[in-house]
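Heads up: the sequence lines are chains A and B, in that order.
Just so we're aligned, residue 1155 is where the first sequence starts under the working numbering, counting upward by one.
Just so we're aligned, residue 3 is where the second sequence starts under the working numbering, counting upward by one.
Hints should not be assumed to be uniformly reliable.
[What the hints assert, rightly or not] In silico BS3-like cross-links for lysine-lysine, where the CA-CA straight-line distance does not exceed 25 Å:
no., chain 1, residue 1, chain 2, residue 2
1, B, Lys130, A, Lys1236
2, B, Lys149, B, Lys118
3, B, Lys261, B, Lys124
4, A, Lys1226, A, Lys1242
5, B, Lys124, B, Lys152
6, B, Lys142, A, Lys1228
7, B, Lys261, B, Lys237
8, B, Lys149, B, Lys237
9, B, Lys169, B, Lys130
10, A, Lys1236, B, Lys253
11, B, Lys118, B, Lys169
12, B, Lys253, B, Lys149
13, B, Lys253, B, Lys130
14, A, Lys1242, B, Lys149
15, B, Lys149, B, Lys48
16, A, Lys1178, A, Lys1214
17, B, Lys89, B, Lys290
18, A, Lys1257, A, Lys1228
19, B, Lys152, A, Lys1242
20, B, Lys290, A, Lys1236
21, A, Lys1178, A, Lys1226
22, B, Lys118, B, Lys142
23, A, Lys1228, A, Lys1214
24, B, Lys89, B, Lys237
25, B, Lys290, B, Lys253
26, B, Lys261, A, Lys1242
27, A, Lys1236, B, Lys261
28, A, Lys1242, B, Lys237
29, A, Lys1228, A, Lys1242
30, A, Lys1228, B, Lys261
31, B, Lys124, B, Lys89
32, A, Lys1242, B, Lys253
No lab work stands behind these hints: they were computed from the structure.
If you want the building blocks of each chain, they are given just below.
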Amino acid sequence: MNKGLIIAAVLALAPTFAAAESFKDAFEMNRAMYGKNHTFTWQGKQYTTMHEEEAEAAVKATKANAEALLAKAKAKNAEVAKLGYEWKLTRGILTNAQTAIDKGEYRKALNLAAQAKYHARMGIQQYHYAQANWYLAVPQ
Amino acid sequence: MKIIRKLALGFAVAAATHITYAADTGFDMQTVDPEADRIALQNYYKSRFPNTEFADYVNGIYSVDADSREQWVELEEFPPYEFDVEKGEELFNTAFANGKGYADCFENGGIGIRHKYPYWNKEEGTVKTLEQEINECRVKNGEEAFKWGKGPIAQVSAYMAWTSRDKVFDIQIPADDPRAKAAYLEGKKFFYSKRGQLNLSCANCHLQGSNIRIRADLPSPQLGHVTHFPVFRSKWGELGTLHRRYSGCHKDSRSNPLKPQAEEFRNLEYFQSYMSNGLVANGPGARK
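Generate the whole structure from the sequences, applying the supplied hints.
The structure is reproduced here in structure tokens:
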């Protein structure tokens, strides 16, 4: 399992996200307690504790697949940057993913691209959360 | 280990968030009221640090942390920024190649005006900062712009601040241009929005987290944040501008930081300076 993803997943438990909708709560709790690939039930249906990006990275380690996921990750990061919520390490991770592709290390590249895309997706969520909730922290 | 440290930070901040209130005003153009915000912030600090006088907030963390204050008072006996003020004065009074100087660009020859910045510029439809106008003055007179952040720009700014000591901040949000209030609101929003991989807002550290240990540091109260800039920071070993500090703190949330003088930072400075209305300009300052 990619270490970066674990860190990011753990971080998603920080206070902001705790207030988000309850599927997220259920997902994050199960993820934190049982790790990835765990099946849990929420409102009568079964789900697994896989992040979108982990599923996307779980493909055959080919150049084409790595390039495709990297392109998606770059697009997501451009999206979050435009919103002003780009994370600090993401660009470096994207660069490392490209380097891995250049060296033919497609599994590594897939994991890095997945991590970068996860960062970007979380940043976008953060942006939307902030839009709706920022003022709750203002003293009255 | 890294994970544990990050989580500990997250929880420390979470524990400090008990003193927040649910706002029912002040979050959009209809309800935002800068003066109410300013008074609410003062009241917040009054109840949080009852022993700190309002006027003392110009001294940052030293207004609320007695331990570090002693060292700082000693430091101020031989102010580390003294050389920079002298250098700034020299730069300020050296004519440009075309014979003009900074004094020609500013009201009152640039003396005693620091506390009027930043301000809303209606013609340009944007917030203008002192550093921005220092560089505009240079460019207008055929000189190259200084780099933002440190060095000569901070020195000229330090000299101008020095000539403005004890003048009271009275930042205006002109009512005849709604864009001014919108800029203020953007700055306020920036301050209170959580961001970055650590999911932290400025407020997490500088409002709820004021004087609460976060890793090895004690963040200062946001009240009075801007009054003493530019600042000589021992950690930098040199003088730096407010926006240099903004970039550093923005990065501390593990965000890709904005560059000095970005519109977002200027709006943030507008908001933070308005919050400091009633306090005196006391730049340049010295901090750890």
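Hints versus structure:
| no. | hint | verdict |
| --- | --- | --- |
| 1 | Lys130/B <-> Lys1236/A | 23 Å, holds |
| 2 | Lys149/B <-> Lys118/B | 23 Å, holds |
| 3 | Lys261/B <-> Lys124/B | 23 Å, holds |
| 4 | Lys1226/A <-> Lys1242/A | 18 Å, holds |
| 5 | Lys124/B <-> Lys152/B | 28 Å, violated |
| 6 | Lys142/B <-> Lys1228/A | 39 Å, violated |
| 7 | Lys261/B <-> Lys237/B | 20 Å, holds |
| 8 | Lys149/B <-> Lys237/B | 20 Å, holds |
| 9 | Lys169/B <-> Lys130/B | 19 Å, holds |
| 10 | Lys1236/A <-> Lys253/B | 17 Å, holds |
| 11 | Lys118/B <-> Lys169/B | 9 Å, holds |
| 12 | Lys253/B <-> Lys149/B | 20 Å, holds |
| 13 | Lys253/B <-> Lys130/B | 23 Å, holds |
| 14 | Lys1242/A <-> Lys149/B | 23 Å, holds |
| 15 | Lys149/B <-> Lys48/B | 39 Å, violated |
| 16 | Lys1178/A <-> Lys1214/A | 29 Å, violated |
| 17 | Lys89/B <-> Lys290/B | 22 Å, holds |
| 18 | Lys1257/A <-> Lys1228/A | 19 Å, holds |
| 19 | Lys152/B <-> Lys1242/A | 22 Å, holds |
| 20 | Lys290/B <-> Lys1236/A | 34 Å, violated |
| 21 | Lys1178/A <-> Lys1226/A | 23 Å, holds |
| 22 | Lys118/B <-> Lys142/B | 21 Å, holds |
| 23 | Lys1228/A <-> Lys1214/A | 20 Å, holds |
| 24 | Lys89/B <-> Lys237/B | 21 Å, holds |
| 25 | Lys290/B <-> Lys253/B | 18 Å, holds |
| 26 | Lys261/B <-> Lys1242/A | 13 Å, holds |
| 27 | Lys1236/A <-> Lys261/B | 15 Å, holds |
| 28 | Lys1242/A <-> Lys237/B | 22 Å, holds |
| 29 | Lys1228/A <-> Lys1242/A | 14 Å, holds |
| 30 | Lys1228/A <-> Lys261/B | 21 Å, holds |
| 31 | Lys124/B <-> Lys89/B | 33 Å, violated |
| 32 | Lys1242/A <-> Lys253/B | 7 Å, holds |
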